[in-house]
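We have chain R already, so just place chain L on it with the hints.
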Amino acid sequence: DAGITQSPRHKVTETGTPVTLRCHQTENHRYMYWYRQDPGHGLRLIHYSYGVKDTDKGEVSDGYSVSRSKTEDFLLTLESATSSQTSVYFCAISEKVGHNTGELFFGEGSRLTVL
Amino acid sequence: GDSVTQMEGPVTLSEEAFLTINCTYTATGYPSLFWYVQYPGEGLQLLLKATKADDKGSNKGFEATYRKETTSFHLEKGSVQVSDSAVYFCALVNQAGTALIFGKGTTLSVSS
Numbered sequence: 001d002a003g004i005t006q007s008p009r010h011k012v013t014e015t016g017t018p019v020t021l022r023c024h025q026t027e028n029h030r031y032m033y034w035y036r037q038d039p040g041h042g043l044r045l046i047h048y049s050y051g052v053k054d055t056d057k058g059e060v061s062d063g064y065s066v067s068r069s070k071t072e073d074f075l076l077t078l079e080s081a082t083s084s085q086t087s088v089y090f091c092a093i094s095e096k097v098g099h100n101t102g103e104l105f106f107g108e109g110s111r112l113t114v115l
Numbered sequence: 001g002d003s004v005t006q007m008e009g010p011v012t013l014s015e016e017a018f019l020t021i022n023c024t025y026t027a028t029g030y031p032s033l034f035w036y037v038q039y040p041g042e043g044l045q046l047l048l049k050a051t052k053a054d055d056k057g058s059n060k061g062f063e064a065t066y067r068k069e070t071t072s073f074h075l076e077k078g079s080v081q082v083s084d085s086a087v088y089f090c091a092l093v094n095q096a097g098t099a100l101i102f103g104k105g106t107t108l109s110v111s112s
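For the protein sequence lines, the chains are R and L, in the order given.
Those letters in the first sequence? Residues 1 to 115, per this note's numbering, in order.
Those letters in the second sequence? Residues 1 to 112, per this note's numbering, in order.
One or more of the hints may lead you astray.
[To be verified] Which stretches of chain R does chain L cover? Using the computed rule of at least three CB atoms under 8 Å from a CB of chain L, they are:
no., stretch
1, 28-41
2, 44-56
3, 107-113
[Stated by the list, open to error] Going by beta-carbon spacing under 10 Å, a handful of chain L positions derived as facing chain R:
no., residue
4, F18
5, Q45
6, V87
7, F89
8, A91
9, A99
10, L100
Everything labelled a hint here was simulated from the structure, so no lab data went into it.
All C-beta atoms in this analysis are idealised placements derived from N, C-alpha and C, irrespective of residue type, glycine included.
So here's chain R without its partners, still in its complex pose (with noise of 0.2 Å):
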C-alpha cells in the first residue's frame, strides 16, 4: 500500500471556523491531489500539486486553498468552512501523470463536517 497519511480522518465543526486536513505520503511522488467526494457528485478535483510551492486550481476550488512547502505534505484549508463543504475529502499522490500513466494512489479519507 502507498505511504499515504490523512488527518485528521473524522471532524466536526462549526460554520466560520478555520479547517487544515493535512496529507503526508512517505512515497517520494511529485503529485498531490485533494478530492472530495459527495453523493451525486462522485469525485470532484479541488487544488493540486506538482511540486514543492507549484499548486493549481481544479475545478471545486472555490473557497479553498493548499499549501506544499515539503514534498511529503500537501494541506487543504478551509480559511472559513461552511455547511456546502461537509465532505469527505480525499488526498492522492502520483509519480507521474500524462497520457500514458495517471495512477493515483488515495488516502484513506477525511470526513469533514460543518455545522
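For chain L alone, kept in the frame of chain R given last:
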C-alpha cells in the same frame, strides 16, 4: 470540457451474475481511461486502465475495452462475487495531462 458519464446505480445482482457498468466520455483526443474501485470505508484503488483505442484493460476478472468510435469504456465481469460489492468509478486523464476526472460512481451490491 472533459467529462465522464456513468450509468446510475445502485446495481443489485445475485452472486455469479454477469455485470456491466456503462461509461462514456467526452474529451479532446484520446485520453487514457481508468476504472477505480472503492470498498466501504476505504479510498479508491485502481482496478484497470487502457491507454489507447482498442486496448483492453483487465484485472481480477474485470475487463473494459477502449472504444473510440462510441467513446465508451464499459466495465464487465462474467461472474460477480459478494466481495465485489463496492463503488466503481470511471475516469480519464484531463486534457492538460495533470489530473484525473472522475464519473459520479456506480454502487454495486452483490447478494449470495
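- request: Just pull the numbers of the violated hints for me, sorted ascending.
  value: 4
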